[in-house]
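Protein chains in written order, with the working numbering: chain A, 6 to 360; chain B, 4 to 264.
Simulated from the structure, these hints should not be mistaken for lab results.
Hints should not be assumed to be uniformly reliable.
Just a few of them, taken from the derived set where beta-carbon distance is under 10 Å, the chain A residues facing chain B [to be verified]:
1. Thr-54
2. Val-57
3. Arg-58
4. Pro-114
5. Val-245
6. Ala-253
7. Arg-262
8. Arg-297
9. Ala-302
Simulated coverage check for chain B against chain A, where a stretch passes if three residues somewhere in it have a Cβ under 8 Å from a Cβ of chain A [what the hints assert, rightly or not]:
10. 75-81
11. 95-101
12. 204-216
We put the CB at the ideal spot given by N, CA and C, even for glycine.
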Amino acid sequence: MRHASRLEGAQLLRGHERPTASRARRRAVRWTVVGFVVLFVSVVIGLFTGAVRIPPSSILGWMVGEEALTEQQRAILAQLRLPRVVLAGLVGAALSVSGCAYQAAFRNPLADPYLLGSAAGAGLGATAVIVLGAGDAPLALPAAAFAGALGGVGLAYLMASTRAAGRTSTSLLLAGVAVASFLTALQTYVQQRDTDNLREVYAFILGRLGTGGWHEVMLALPWVVLASAVLLASRRLLEVLSLGDLEAASLGAHVARDRAIVVIAASLATAAAVAVAGLIGFVGLIVPHAVRMATGASHRLVVGLSLLFGAAFLILCDVLARTVVAPGELPIGVITALIGAPFFAFVLRRAGGAR
Amino acid sequence: MIVARALRVSRARREVVHGVSLEVAAGTWVSIVGPNGAGKSSMLLAIAGLLPASGEVTIDGRRLRELHARERARLVALVPQQPVVPESLTVAEYVLLGRTPHLSLFGAEAGRDHDLAEQTLAKVDLVWAADRLVTMLSGGEFHRAVVGRALAQEARVLVLDEPTTGLDLGHQLQVLELVEELRRTDGITVVSAMHDLTLAARFSDRIALLVDGELVADGAPSEVLRPDALERHYGVPVHVMRGPNGELIVVPANARASVRP
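Turn these sequences into a full structure, and let the hints steer you where they fit.
Written out as structure tokens, the structure is:
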């Protein structure tokens, strides 16, 4: 047995057929291509959906630079639908990739920006800035949302890591729920105290994808790109962290620092998403899990695919939100919660069964 | 060569190892044995630089405490008592994680790392499982994968924390024989915490008996594993016998037979 496999190992070496690289790489390429195709189709569907009918063929023509549209159609696409689709994609990508990162960093399959309190913290930070009338100051909104997101997740983590709580995944989640409720209550308080800005705050909390334009896209884009770049670079790190503190340390990881890098980047992505789109739950839970189940891949691949499929997922959710009660519109958080809550139950069952 | 001097280790604010010194010559296998709660794991993790401890640990003359985590992980590798079984990782990817100490923070594995991981897979007899998920392996196979990951670190010292926990007799032997073979061929130094005294005697050059955080005996297996000492420290009468090939066998004595009328 031993001799046989040694021989096989030697042959593998000679044939440059790397079991540690080739198969995984092929799978990565295949799924990345699928991800881009799905994202592209979602974008086209997102652009096609709306009160004014614009045929998909004209949209595709417009995308490749043909003069296929009327002036009015072009205005609708360029100023209304495209920024909305791009914003939905950006927010979906940010929430999914941060969910994926939180799950690995906290070794908790149920971690999600919404459930950990980081989204609620970002909401509180953003509300405070709006109420203080500093909402128009450059960087004030994202900075406050970022501080709130980090504060929320930090609080949940501290609460869960006391010795009495036992540092289990359940305690982190319970702490997250408590922190999220607390921060949401604070946020409601801050918003109700100051009725002048109530409308703006409400619009913010229910999600602003509907009113979002290029301004919101430009507000979120740099932070989502930065955070995603850090998380993509940390793919291997996420695998190491998912082995637990002791084993990660035995492999030479600087566990506290490495986890902080991941959590800060994930919170930055969450904050950027919340700052432009309000509170949208469950995306960070659904997408990474669905990707993992579909591909069977490790964190390394799931990080990148979460960006692609997360963007596509939220674009499609937004399409549903726009069409289900047309000409009215559902808040997008309603759609994600309707899909997400049953999915949460499903993941909970699986996670429980694995233990 | 490992030198641990006056190691004191506290866990949950209670000191569990009280100033133990231990030397392990290069290329030898030393086992730490002792009753439950004696501080074996704490001692072991302190030797691996993974638990804060007062005193000093040097490996090949280098003070562990002064090393960066990555440098330390290139010197000493751990096979933990109950390794985490990661979801969605293939065996090859799992072993490849052993290259972590040789990579920068955001670095990716190069060709050499993949080559090494492959050679390691062959050493632990898991080339056939390279593309399987770690979760699909049997207990014994997974333990071999963990040993493989530790080997991929290319550390000169391998620290095993009760490496046979949860394995049946055949798989226990398989894992220990694998480590023994690697020690002989690659000249690595092995320190292990062991529960099974017979297996400890069979594989170790030296045995250190740790009781209540103190080293009470340290020497060749036949010197340390004496019935009177074991009875005193484990609280049960034991027989220490010789097997057909002269190997030491430690078994609990029949309690009734040992009770005098």
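Checked hints:
A cut of 10 Å between beta carbons decides the hint on Thr-54 (chain A): the least distance to chain B is about 34 Å, and the hint is violated. Interface hint at Val-57 (chain A): violated, since its Cβ lies 44 Å from the closest Cβ of chain B, which is beyond the 10 Å cut-off. Interface hint status for Arg-58 (chain A): violated, as the beta-carbon distance to the closest one in chain B is roughly 43 Å, over 10 Å. Checking Pro-114 (chain A) against chain B by beta carbon gives a least distance of about 8 Å; that is within 10 Å, so the hint holds.
For Val-245 (chain A), the interface hint holds, since its Cβ comes within 10 Å of a Cβ in chain B; the closest pair sits about 6 Å apart. For Ala-253 (chain A), the suggested interface contact is upheld, since its CB lies about 8 Å from the closest CB of chain B, less than 10 Å. Interface restraint check: Arg-262 (chain A) against chain B, minimum CB-CB distance 9 Å, threshold 10 Å, status holds. The beta carbon of Arg-297 (chain A) is positioned within 10 Å of a beta carbon in chain B (closest approach about 6 Å), and the interface hint is therefore held.
At about 6 Å, the closest approach between the beta carbon of Ala-302 (chain A) and any beta carbon in chain B falls short of 10 Å, and the interface hint on this residue holds. With 5 residues bearing a CB less than 8 Å from a CB of chain A, the region 75-81 of chain B meets the requirement of three and the coverage assertion stands. Interface restraint, the region 95-101 of chain B with chain A: holds (6 residues with C-beta to C-beta distance below 8 Å; minimum three). A count of 0 residues in the region 204-216 of chain B with a Cβ less than 8 Å from any Cβ of chain A is obtained; the coverage claim is therefore unmet, three being the minimum.
Of the numbered hints stated above, those contradicted by the structure are hints 1, 2, 3 and 12, listed in ascending order.
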